[in-house]
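**Q** Here's the letter readout for the chains.
Number of protein chains: 2
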Amino acid sequence: MSGEKISLAHGNGGKHMRELIENVFARHLNSDHIENPHLDTDADAATIELPPGKTLFTTDGFIVQPMEFPGGDIGSLAVHGTCNDLAVSGADPYFLTLNAFIEEGTSIALLERLVKSIARNAKDSGVSIVAGDTKVLPRGQGGGIYLATAGIGVCPPGVTIKMSNIQAGDHILVSGPVGDHGVAVMLAREAFGMRGDLKSDAASVLPLTRAIRELDGLHFMRDPTRGGLATVCHEISLATGLQINLHGPSIPVRDPVQSVCEILGYDPLYLACEGRVVAIVAAEAAEKVLTIWRTLPQGKMAADVGTIEQGVARVQIETELGGNRILEELEDDPLPRIC
Amino acid sequence: MSGEKISLAHGNGGKHMRELIENVFARHLNSDHIENPHLDTDADAATIELPPGKTLFTTDGFIVQPMEFPGGDIGSLAVHGTCNDLAVSGADPYFLTLNAFIEEGTSIALLERLVKSIARNAKDSGVSIVAGDTKVLPRGQGGGIYLATAGIGVCPPGVTIKMSNIQAGDHILVSGPVGDHGVAVMLAREAFGMRGDLKSDAASVLPLTRAIRELDGLHFMRDPTRGGLATVCHEISLATGLQINLHGPSIPVRDPVQSVCEILGYDPLYLACEGRVVAIVAAEAAEKVLTIWRTLPQGKMAADVGTIEQGVARVQIETELGGNRILEELEDDPLPRIC
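So the sequences go chain by chain: A and B.
Sequential numbering of the first sequence, starting at 1, is according to the numbering used here.
Sequential numbering of the second sequence, starting at 1, is according to the numbering used here.
In silico DSSO-like links for lysine-lysine, alpha-carbon gap of 27 Å or less:
{"id": "1", "chain 1": "B", "residue 1": "Lys123", "chain 2": "B", "residue 2": "Lys54"}
{"id": "2", "chain 1": "B", "residue 1": "Lys199", "chain 2": "B", "residue 2": "Lys300"}
{"id": "3", "chain 1": "A", "residue 1": "Lys162", "chain 2": "B", "residue 2": "Lys15"}
{"id": "4", "chain 1": "B", "residue 1": "Lys15", "chain 2": "B", "residue 2": "Lys5"}
{"id": "5", "chain 1": "B", "residue 1": "Lys123", "chain 2": "A", "residue 2": "Lys54"}
{"id": "6", "chain 1": "B", "residue 1": "Lys54", "chain 2": "A", "residue 2": "Lys123"}
{"id": "7", "chain 1": "B", "residue 1": "Lys288", "chain 2": "B", "residue 2": "Lys162"}
{"id": "8", "chain 1": "B", "residue 1": "Lys123", "chain 2": "B", "residue 2": "Lys300"}
{"id": "9", "chain 1": "B", "residue 1": "Lys15", "chain 2": "B", "residue 2": "Lys116"}
{"id": "10", "chain 1": "B", "residue 1": "Lys54", "chain 2": "A", "residue 2": "Lys54"}
{"id": "11", "chain 1": "B", "residue 1": "Lys162", "chain 2": "A", "residue 2": "Lys15"}
{"id": "12", "chain 1": "A", "residue 1": "Lys116", "chain 2": "A", "residue 2": "Lys199"}
{"id": "13", "chain 1": "A", "residue 1": "Lys300", "chain 2": "A", "residue 2": "Lys123"}
{"id": "14", "chain 1": "A", "residue 1": "Lys123", "chain 2": "A", "residue 2": "Lys199"}
{"id": "15", "chain 1": "B", "residue 1": "Lys300", "chain 2": "B", "residue 2": "Lys162"}
Everything labelled a hint here was simulated from the structure, so no lab data went into it.
Kindly generate the complete structure, drawing on both the sequences and the hints.
**A** This is how it looks when you write it as structure tokens:
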């Protein structure tokens, strides 16, 4: 059916919907390559077994244009986004559910590529997609495909990551360069006349979080997605009442990301990353976390980018020239929408 | 903020999004009336504790026009839809996540009414909404609001409801009249020049499923949503290879539903219900289930509507005049889209 397009009948509960679920979703999510005995398209709900430990539950929605871009697609984002929310909470993800809202007229070949990407990325992250639902949106009432995933994970004993652990004196670490995802999607979408070999950083952060989640002195982790590193800093400042001091020259930004941002007037600190971790750690643990991260392929450019202090609840950044400026909370949209 | 409209900035991760989440979502989902300590908008994932028993996980997506209709709205559907999938599997629902895809320009007053409806219906069903996410769709790329919910439930010991329990000789019971939801939404949307006091049947089916889920002889339950009673029968026939014989005159259909269907040429057996249960039971258990259901307010019109037989895997219906006709699997869309 891959030469066909999605019609309203693919969402009506009848024969065409059943065939779409069997031939596209179930076929790739439980295939010869991907063993997934939990997925039972005859059942209203999947039976799952969880290991002992603290159970976590979360969800995320995904809209991105274009749906395929260098380094990823909306399917890989949908798997990593929810798994990464569990990962930065210190958990291992076990089970995902998948919702697809598909616009009438969408090519089934595209849908099939995305479902294959979902299956491959779920396998790589060690999660099973155990239940799903599909709705078809009338033509003109959807931007192609919107996805939502919900995930269940379990924290190993001894992991106690939470916002309220954060203290004045803590250091702010990032696991890699910021802004790659934002710029890669922007360049893939907009006719700026610019080209580059930039790829999205979209990836599982599990190797990064598993490597450090049980360390003494690790206080909090978050993945800097919508709103970027600056927004994570604002969230921390608002929740704790503490001041965030970023050190601009220490923040890793790839040259092509910096160039594109300078030309277009964007600040990479507000651009989404989809495969990075911000860790807040006690001062004495900072070097240890950086050393561990730098041994991992996705942590080679990890850096200590600032500190948390008593003071006023705001985010400021020390610039290259030694001055300080306030990083404002993102208000109206200065960025092209990429998520 | 209820006089305002949703803008793209409500989805950018910054200040406007934070205020929307605090003032609309968190405010109503964890209010003075609705205690919901699991909802922590500072966390990437919610910590949940589950009672012992078989754990079930499921998800559902929701699109409906109009978003508010007699007897319900997309918010009540989003709570009941996922809770009902857990309920017909024999479980008690405990936790939900909520995804909202909101079109730019949507009125915040409407959104607020829907979030209040979600909160009220979740409370009535005994579930906590513990995590959520919001995405804003550019104007023209969404039909108002799309919702997705995922839910976790737990089956009490001794509940063993599954498709493979179904045997030749079983009876097919419905808990109430069919087609009310489909017709109510249709009349609320289309300018047919018809009016009636028909209300959607959208409701929790938990009272119906809890009352019978531990009975000997209960083999399977499903809620006849998209595609209606006819589609549930096809799903059973396809999965089991058995023949379904419906007895037309026994199927409860309210007079106004029948009238609207006759005028417009629809078959109520294919119309969605959102608060009914189809139960497949051993012949000797049928009367007992009906007796129990009929003591409940939502089960007063419960009926035995057919049997399951060896034969050919198809669905047939005996008509008022004693003839038999085949009910075909729904193919192209003969119905106005209501979900």
